[in-house]
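Given the coordinates of chain A, assemble chain B onto it according to the supplied hints.
Protein sequences, first through last, are from chains A and B.
Its first residue numbered 1, the first sequence is counted upward by one per residue in our numbering.
Its first residue numbered 1, the second sequence is counted upward by one per residue in our numbering.
Source of the hints: derived by calculation from the structure; they are not laboratory data.
Note that the coordinates shown come from a computational prediction; the quantities given were computed from them, not determined experimentally.
Accuracy of the hints is not assured; some may be wrong.
Cβ-to-Cβ under 7 Å is the rule here; a few derived chain B residues that face chain A [claimed, not checked]:
(1) 22
(2) 25
(3) 29
(4) 44
(5) 48
(6) 50
(7) 63
(8) 67
(9) 68
(10) 94
(11) 101
(12) 107
Where a beta carbon is used, it is the ideal one built from N, C-alpha and C, also for glycine.
Residues per chain are reported as follows:
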Amino acid sequence: DAGITQSPRHKVTETGTPVTLRCHQTENHRYMYWYRQDPGHGLRLIHYSYGVKDTDKGEVSDGYSVSRSKTEDFLLTLESATSSQTSVYFCAISEGGANYGYTFGSGTRLTVV
Amino acid sequence: AQSVTQLGSHVSVSEGALVLLRCNYSSSVPPYLFWYVQYPNQGLQLLLKYTSAATLVKGINGFEAEFKKSETSFHLTKPSAHMSDAAEYFCAVSDGAGGYNKLIFGAGTRLAVHP
Numbered sequence: 001d002a003g004i005t006q007s008p009r010h011k012v013t014e015t016g017t018p019v020t021l022r023c024h025q026t027e028n029h030r031y032m033y034w035y036r037q038d039p040g041h042g043l044r045l046i047h048y049s050y051g052v053k054d055t056d057k058g059e060v061s062d063g064y065s066v067s068r069s070k071t072e073d074f075l076l077t078l079e080s081a082t083s084s085q086t087s088v089y090f091c092a093i094s095e096g097g098a099n100y101g102y103t104f105g106s107g108t109r110l111t112v113v
Numbered sequence: 001a002q003s004v005t006q007l008g009s010h011v012s013v014s015e016g017a018l019v020l021l022r023c024n025y026s027s028s029v030p031p032y033l034f035w036y037v038q039y040p041n042q043g044l045q046l047l048l049k050y051t052s053a054a055t056l057v058k059g060i061n062g063f064e065a066e067f068k069k070s071e072t073s074f075h076l077t078k079p080s081a082h083m084s085d086a087a088e089y090f091c092a093v094s095d096g097a098g099g100y101n102k103l104i105f106g107a108g109t110r111l112a113v114h115p
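Chain A on its own, in the form it takes in the complex (with noise of 0.2 Å):
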């Protein structure tokens, strides 16, 4: 499997406090991306990235920003979390760039008390 991991698996947090989502990867990809997931939508891109300190937003970024310090880490930050943010969170790579395909983490659930 690429080396791609996600931490925390889960985390419970109340509502207005700020949560960050890490996502490392081993594989020296390029191209990093942020995804929630809900039901009856699917997966939603919140933000993505084409390199370090290079990023962009998605449909959904309201909310959330990310950084990139290094090419192996892609962080997502809820500024202040609600409760329209619980969700499931996948962080995706990719060598090349949407074309080539995805390669997932195992996701993050986080819950919004």
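Chain B alone, transformed into the frame defined by chain A:
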């Protein structure tokens, strides 16, 4: 803009029966199309992908999909379902060319396989 529609959020088949999961896409450029499978509490795994080399694409676990441009479809099939095929399946389309593109996913189809 690119988009994907998966017809049927739930599909139920008997073990040994044909599996047919439907996907229609909309794309302003020649599409790259994908099927992913997600088993419970796991991430998504690539089943197969279409990249214009051949219209009939074979994937893992006996699945295949046929690209039909005239119907803008990329339906997933398997001749004989196994219990282990029970999972959620996602169709996806790339939103463009080059490295800055992303995958756009459908809402998913949950496949149940009954004995």
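Next on the checklist: Taking the earlier hints as the rules, which of them does this structure contradict?
Outcome noted: Numbers 1, 2, 3, 5, 6, 7, 8, 9 - these are the hints that the structure violates, sorted from lowest upward.
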